[in-house]
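Trainee: Chain by chain, the residues run as shown.
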Amino acid sequence: MDKEGWKRLRGVKRLIHDGVERGANFVEKHHRHAAEKPFQILESITPIAAPTGVVHSVHNGVLWLAYGSIRSINQIAEMADDWVVNKLHLRPSSPSTSPPSRTTSVSLKSRPRDPGAVTAEACSPHHGR
Amino acid sequence: MEGQRTRLGKRGPGMVEHAISALNGWIGDHLSQTDNGLEQQMAFYQENRPLAPEDFPPPRTGKVCVFVHGLGCNESLWSFPAPHEGGCYGELLERRCGYMPMYLRFNTGLRISNNGKQLARLLERFCARHEATTEMVLIGHSMGGLVIRSACHLAAERGQDWVSRVRHIIYLGSPHLGAPLEKATNVATHMLGRFDTTATRVIRDLLNTRGAGVKDLRFGNLVDQDWLDYDPDELMKNRRVPIPWLATARHHLAVGQALAGVGTFGDAIVRPQSAAGRTHGSQPGAPDGSDVQVMPGLNHLTLARHPAVYEHIERWVTEDG
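Residue numbers (our numbering), protein chains in the order written: chain G, 2 to 130; chain F, 407 to 727.
Extracted from the complex, chain G is given alone in its bound form (with noise of 0.2 angstroms):
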């Protein structure tokens, strides 16, 4: 595979992972959404009040554990697939064997560019600067 592949490839996988993470939480937001008005509705009841109150808490708790599983499990997916790319960049028969510098970070901000983005880069207006 050439460099353009390496760098699709990250891509997509890049790709894939931010999906699950975004995802996860567009629909937590909405999960949390469509359940808070039934719980309104039963919480204004005076009666019922107190055990609903319960009964948010442990829902909204078994939300934050089910979302943050995805995505916790997402990042180590993301690690363990990040060094399986590596691995399979550095082996000799690869073309193209420029060595890889990223690692696998959980902040989108932080995340180093792609090793693979040399071609599009040298031609990009910012080359040279």
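Warning: the hint list may mix true and false statements.
[What the hints assert, rightly or not] Incomplete in silico selection of chain G near chain F, CB under 7 angstroms:
| # | residue |
| --- | --- |
| 1 | 8 |
| 2 | 9 |
| 3 | 11 |
| 4 | 12 |
| 5 | 15 |
| 6 | 31 |
| 7 | 34 |
| 8 | 35 |
Bear in mind the hints are in silico, worked out from the structure with no lab data behind them. Think of the CB as a built atom: it goes at the ideal place given N, C-alpha and C, for glycine as much as any other residue.
Following the hints, complete the assembly by docking chain F onto the known chain G.
Mentor: Quick look at chain F alone, frame taken from chain G:
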């Protein structure tokens, strides 16, 4: 000239490139923010490979034409579909008028003003390397036309040299006053937001993930001031700063008419008034009616690859002699 590699090439973009281009159109700003390898960084492309401006051969005749595609596309947009012959506008312009074609590929999900800045820098690099370039023709389809206007405006403001070499700018279905589909999406997301149900909120949030470049098409934003510090999803607020048309170039506009005889329908994506850049009559250098060519029977995409449009392009670029 030996080694003159100016054609779009037989080895054009394949399905993967098309998918990446479409992805860039939708979430290109996210790909850029996360440094994703799928981001389509702006570069001139030849034979499906990026080519630095310095690596182009010097234009034999001193004339070059630059092609800038529209939202979610790449340079394959310009290829004539069967049964038309001739390749594309660039090949015909090279063969018949001596223009060296250069095809741009870029991340259409980014702000138009950001792409304009990048294009201005690329053309500056090209002209710095190829000082013998005497004449430039810029051809933009849809969003590409807005990117060209943005680049020319920024370059003129900064006194960049390349912009003085631009003789003609051709806009093919460019939404100078905005695109109705983006406006409709903006209104729809606000209407969905008024219903406090999970389903409507999900649809609204999904629609609002569209790229900043798409949102720029709502009113045809060209510069940073049009969008900086404003909510990109605010309801139908036109904050465009009037931008003069490049005074040193002739502007030509092709307006599609998908249903021949039904003018208001436009090319099915852009309304005729928008494609013709009308209503901002007070803007200096605004093209008059003689610069606007209505193309009956041609839809938005066809404007980028139809022999009938090429005939007008050739007429426009050769009419000054």
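Trainee: Now look at each hint and say whether the structure bears it out.
Mentor: Hint check:
A cut of 7 angstroms between beta carbons decides the hint on residue 8 (chain G): the least distance to chain F is about 4 angstroms, and the hint holds. Taking 7 angstroms as the C-beta cut-off, the interface hint given for residue 9 (chain G) holds, the closest approach to chain F being about 6 angstroms. Because the beta carbon of residue 11 (chain G) sits about 5 angstroms from the nearest beta carbon in chain F, less than 7 angstroms, this interface hint is met. Interface restraint check: residue 12 (chain G) against chain F, minimum CB-CB distance 3 angstroms, threshold 7 angstroms, status holds.
Proximity of residue 15 (chain G) to chain F holds as hinted, the smallest CB-CB distance being about 5 angstroms (cut-off 7 angstroms). Hint on residue 31 (chain G) holds. Least Cβ distance to chain F is approximately 5 angstroms, under the 7 angstroms limit. Of the supplied interface hints, the one on residue 34 (chain G) holds, with its beta-carbon coming within about 6 angstroms of a beta-carbon of chain F, less than 7 angstroms. Hint on residue 35 (chain G) holds. Least Cβ distance to chain F is approximately 4 angstroms, under the 7 angstroms limit.
Violated hints: none; the structure is consistent with every hint.
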